[in-house]
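Chain residues, written in single-letter form:
2 protein chains.
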Amino acid sequence: MIDLPFTFTLPMPQAIPSRVDNHIERRLSALRGQFSDQEAYNKKLSNEDLLIYEVYEIKRPEVAGELLMGISIVHPGKVGREFFMTKGHFHSVLDTSEIYYCLRGEGYMVMETPEGDTSVEALTPGKILYVPPRWAHRSICTSRLEDLVTFFAYPANAGHDYGTIERKGFRKLVLEGVNGPEIVDNPRYQ
Amino acid sequence: MIDLPFTFTLPMPQAIPSRVDNHIERRLSALRGQFSDQEAYNKKLSNEDLLIYEVYEIKRPEVAGELLMGISIVHPGKVGREFFMTKGHFHSVLDTSEIYYCLRGEGYMVMETPEGDTSVEALTPGKILYVPPRWAHRSICTSRLEDLVTFFAYPANAGHDYGTIERKGFRKLVLEGVNGPEIVDNPRYQ
Chain A
4 MIDLPFTFTL
14 PMPQAIPSRV
24 DNHIERRLSA
34 LRGQFSDQEA
44 YNKKLSNEDL
54 LIYEVYEIKR
64 PEVAGELLMG
74 ISIVHPGKVG
84 REFFMTKGHF
94 HSVLDTSEIY
104 YCLRGEGYMV
114 METPEGDTSV
124 EALTPGKILY
134 VPPRWAHRSI
144 CTSRLEDLVT
154 FFAYPANAGH
164 DYGTIERKGF
174 RKLVLEGVNG
184 PEIVDNPRYQ
Chain B
4 MIDLPFTFTL
14 PMPQAIPSRV
24 DNHIERRLSA
34 LRGQFSDQEA
44 YNKKLSNEDL
54 LIYEVYEIKR
64 PEVAGELLMG
74 ISIVHPGKVG
84 REFFMTKGHF
94 HSVLDTSEIY
104 YCLRGEGYMV
114 METPEGDTSV
124 EALTPGKILY
134 VPPRWAHRSI
144 CTSRLEDLVT
154 FFAYPANAGH
164 DYGTIERKGF
174 RKLVLEGVNG
184 PEIVDNPRYQ
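So the sequences go chain by chain: A and B. Last residue of the first sequence? That's 193 in this note's numbering, and every number before it is there in order. Last residue of the second sequence? That's 193 in this note's numbering, and every number before it is there in order.
By construction, these hints were calculated from the structure, which means they are not laboratory data. Among these hints, one or two may not hold up.
Which copy is meant is left open, because identical chains are indistinguishable; a pair holds if it fits in one copy or across any two.
[As the list claims (entries may be wrong)] Under the rule of at most 20 Å between Cα atoms (straight-line distance), these lysine to aspartate or glutamate pairs were calculated in the EDC-like manner:
#  : residue 1 : residue 2
1  : Lys130    : Asp24
2  : Lys62     : Glu185
3  : Lys175    : Glu149
4  : Lys175    : Asp6
5  : Lys90     : Asp120
6  : Lys46     : Glu185
7  : Lys175    : Glu60
8  : Lys130    : Asp52
9  : Lys81     : Asp40
10 : Lys171    : Glu109
11 : Lys81     : Asp188
Make the full structure from the sequences, and use the hints.
Shown next, in the form of structure tokens:
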């Protein structure tokens, strides 16, 4: 069977790809231990296991030279003062990068290296972000009403290491402050 | 020095990246031997060495795991009945793919494998094209007035093999027909 080129579109405003091989839904329960305010988390979860973010993936062979791509949608909301966010991860093959193209909404990408370097970049529509190799990354939706929607692409052999972030957390948090989002040190970082 | 994440934008309608490391200009003289109508080519070139296409590149280390990206702009025009196009190339590391995101204009991506498989995909704004590993690719602007503008990303170790296409050409051409662009066999394919 010939491995043919293919096209797809991202019909706005939803930006759900016209071709989808896998749809991931991550609910509040999947982010246990990640939000700073554990009391607010437990209270919110006891009320409803809310949908926090979704990923639409286009599958390719997971080998070097191929690229994986898809759409990430982080819904608006907060746990205490902390905005809804993705689990965040390192790539299992640490020396692999990722490109994000922000299509809709407002938010941040929180990033860090194993050596403790940190970076937080604002995402607004039309902005392209390059996450170099070695940087763990988590997207955060800071809009009150609108989803944060990004198109992403990364080397197909990268893999995902979620465990490191689950154990340690990120060094930086994004919280709602009086004058908008605030980037603060994570007091629970291990 | 820390290898920091970075962002850039593609201000429309030009879509020239707000961060650029290299700007390539390809003129008619750089496409010698590629257009089907050699008489029309020579006549056009004797008149003016027209700018056919431009590439704005963002540099990264050219190693596996990194991604190279940029903007390709093919200007409107024809040589005889054949639309302005890029030189087209295989990747030197044949088993590497490429993603194109069409931002503006109308055109086609003409593709083929070393084994002789061919594919021609239409490009319109909002369409994303996946060029699998092994497929040579050439973009063609079929709009009469507007540039064909695409954002591209590919594995940074891919490299470019222009020589094979310079010698053999592509198996398919896109010519202006009575009712719009026509995809035809290349009579000069070697």
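Hint check results:
| no. | hint | in the structure |
| --- | --- | --- |
| 1 | Lys130 <-> Asp24 | between (26 Å within a copy, 17 Å between copies) |
| 2 | Lys62 <-> Glu185 | neither (36 Å within a copy, 32 Å between copies) |
| 3 | Lys175 <-> Glu149 | neither (23 Å within a copy, 45 Å between copies) |
| 4 | Lys175 <-> Asp6 | between (42 Å within a copy, 18 Å between copies) |
| 5 | Lys90 <-> Asp120 | within (19 Å within a copy, 41 Å between copies) |
| 6 | Lys46 <-> Glu185 | neither (23 Å within a copy, 63 Å between copies) |
| 7 | Lys175 <-> Glu60 | neither (27 Å within a copy, 32 Å between copies) |
| 8 | Lys130 <-> Asp52 | neither (31 Å within a copy, 35 Å between copies) |
| 9 | Lys81 <-> Asp40 | within (10 Å within a copy, 63 Å between copies) |
| 10 | Lys171 <-> Glu109 | neither (26 Å within a copy, 48 Å between copies) |
| 11 | Lys81 <-> Asp188 | within (18 Å within a copy, 58 Å between copies) |
The structure does not agree with the numbered hints 2, 3, 6, 7, 8 and 10 stated previously, though it agrees with the rest.
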